[in-house]
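Visitor: The chain contents come next:
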Amino acid sequence: MGFTASKHTSGVLMVQVEGQLIVGNRQELKNTVQEALEHGERKFLVDFTRTGYIDSSGLGALVSISKKVREQGGELRLAGLNEDLRSLFELTKLDTLFAITDTPDQALVAF
Amino acid sequence: MTSPLRLCVRRADRAHEAGMAVEVALRIPSDVTLIEEAVELVARHCFAGWDAPQRVRFRLRVALSEALANAILYGNGEDPSRSVEVRAECLPDVLHLHITDDGPGFDPATIRDPVTPEDLDRACGRGLFLIRNLMDHVRYNEFGNSLCMTLRRH
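Residue numbers (my numbering), protein chains in the order written: chain H, 13 to 123; chain L, 94 to 247.
Treat the hints as calculated values from the structure; they're not laboratory data. Idealized CB from N, CA, C, for every residue including glycine. Certain hints may be false.
Quick list of simulated restraints, FRET-style, between CB atoms [said to hold, decoys possible]:
1. L/E211 / H/K80: 15 to 21 Å
2. L/Q147 / H/D117: 23 to 29 Å
3. H/Q84 / L/E171: 15 to 21 Å
4. L/R103 / H/G52: 53 to 59 Å
5. L/R175 / H/G85: 40 to 46 Å
6. L/W143 / H/E95: 17 to 23 Å
7. L/C217 / H/T115: 25 to 31 Å
8. H/T61 / L/E133: 19 to 25 Å
To give an idea of the chain H side of the interface with chain L (calculated C-beta under 8 Å), a few residues [unchecked claim]:
9. Q32
10. G36
11. S68
12. G72
13. S76
14. K79
15. D96
16. K105
17. L106
18. T113
Computed list of lysine to any residue pairs in SDA-like fashion (alpha-carbon distance at most 20 Å, straight line) [claimed, not checked]:
19. H/K42 / H/V81
20. H/K105 / L/D206
21. H/K79 / L/P210
22. H/K105 / L/N226
23. H/K79 / L/C217
Start from the sequences and build out the full structure, keeping to the hints where you can.
Guide: So this is what it looks like as structure tokens:
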């Protein structure tokens, strides 16, 4: 359970969310992205292929991260959401805030 | 390491006994890092012996995680001397989840739905909205410190 960050050959920092993204671990994700921003990373892909569920704190963390990345002139994309996870973004209208693709590969070519 | 969660499970010998198959009671210290374990414990007992649809499994986990976060953060103010009690009634047709904190309560009617364009950039304020939309029925007690969430099994 946790977050795995790896640099893709295209220059995109891929962050895999393994398990849940909830109030108990959202800060870890925010820290991961913040540190990467400070090291000059500007392209981020958060991959939810191996994610169980997300709560409102997790959604809020993504909103915060998105704002910070935009402020630094960067780009954040989300991918790998199953039907249930996607429904959370649709309910909260956050599907209109984020660039969401079905698969990580689709997101990588969209940068 | 011993878990700080205190669990009590009562299974009726016959599913029709008092109309109840399983009752789960869990007491959780005011620590958000315990939420995931608490959710899994309750879910495991609620879904035992039942091939529940994925949609139901997902909704229960998200709504319970949300309710526990609200209870620990806002109800109990993360005060370690306070705890949260979960009682799950797993009936043949529905699941009732009662989440009660030790705080002073609040008026849920004052919490509006965060779906205006201005709300999109807000990092918080979506918890109760998610609960209301994922559960079939949601009710607070008169003090606002105890939530009852109902989810149909199918």
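Visitor: So, for every hint listed, does it hold in this structure?
Guide: Hint check results:
no., hint, in the structure
1, L/E211 / H/K80: 15 to 21 Å, "19 Å, holds"
2, L/Q147 / H/D117: 23 to 29 Å, "24 Å, holds"
3, H/Q84 / L/E171: 15 to 21 Å, "31 Å, violated"
4, L/R103 / H/G52: 53 to 59 Å, "57 Å, holds"
5, L/R175 / H/G85: 40 to 46 Å, "44 Å, holds"
6, L/W143 / H/E95: 17 to 23 Å, "21 Å, holds"
7, L/C217 / H/T115: 25 to 31 Å, "30 Å, holds"
8, H/T61 / L/E133: 19 to 25 Å, "20 Å, holds"
9, Q32, "6 Å, holds"
10, G36, "5 Å, holds"
11, S68, "4 Å, holds"
12, G72, "4 Å, holds"
13, S76, "5 Å, holds"
14, K79, "6 Å, holds"
15, D96, "4 Å, holds"
16, K105, "5 Å, holds"
17, L106, "7 Å, holds"
18, T113, "19 Å, violated"
19, H/K42 / H/V81, "11 Å, holds"
20, H/K105 / L/D206, "11 Å, holds"
21, H/K79 / L/P210, "15 Å, holds"
22, H/K105 / L/N226, "13 Å, holds"
23, H/K79 / L/C217, "14 Å, holds"
This entry does not satisfy hints 3 and 18, going by the numbered hints stated previously.
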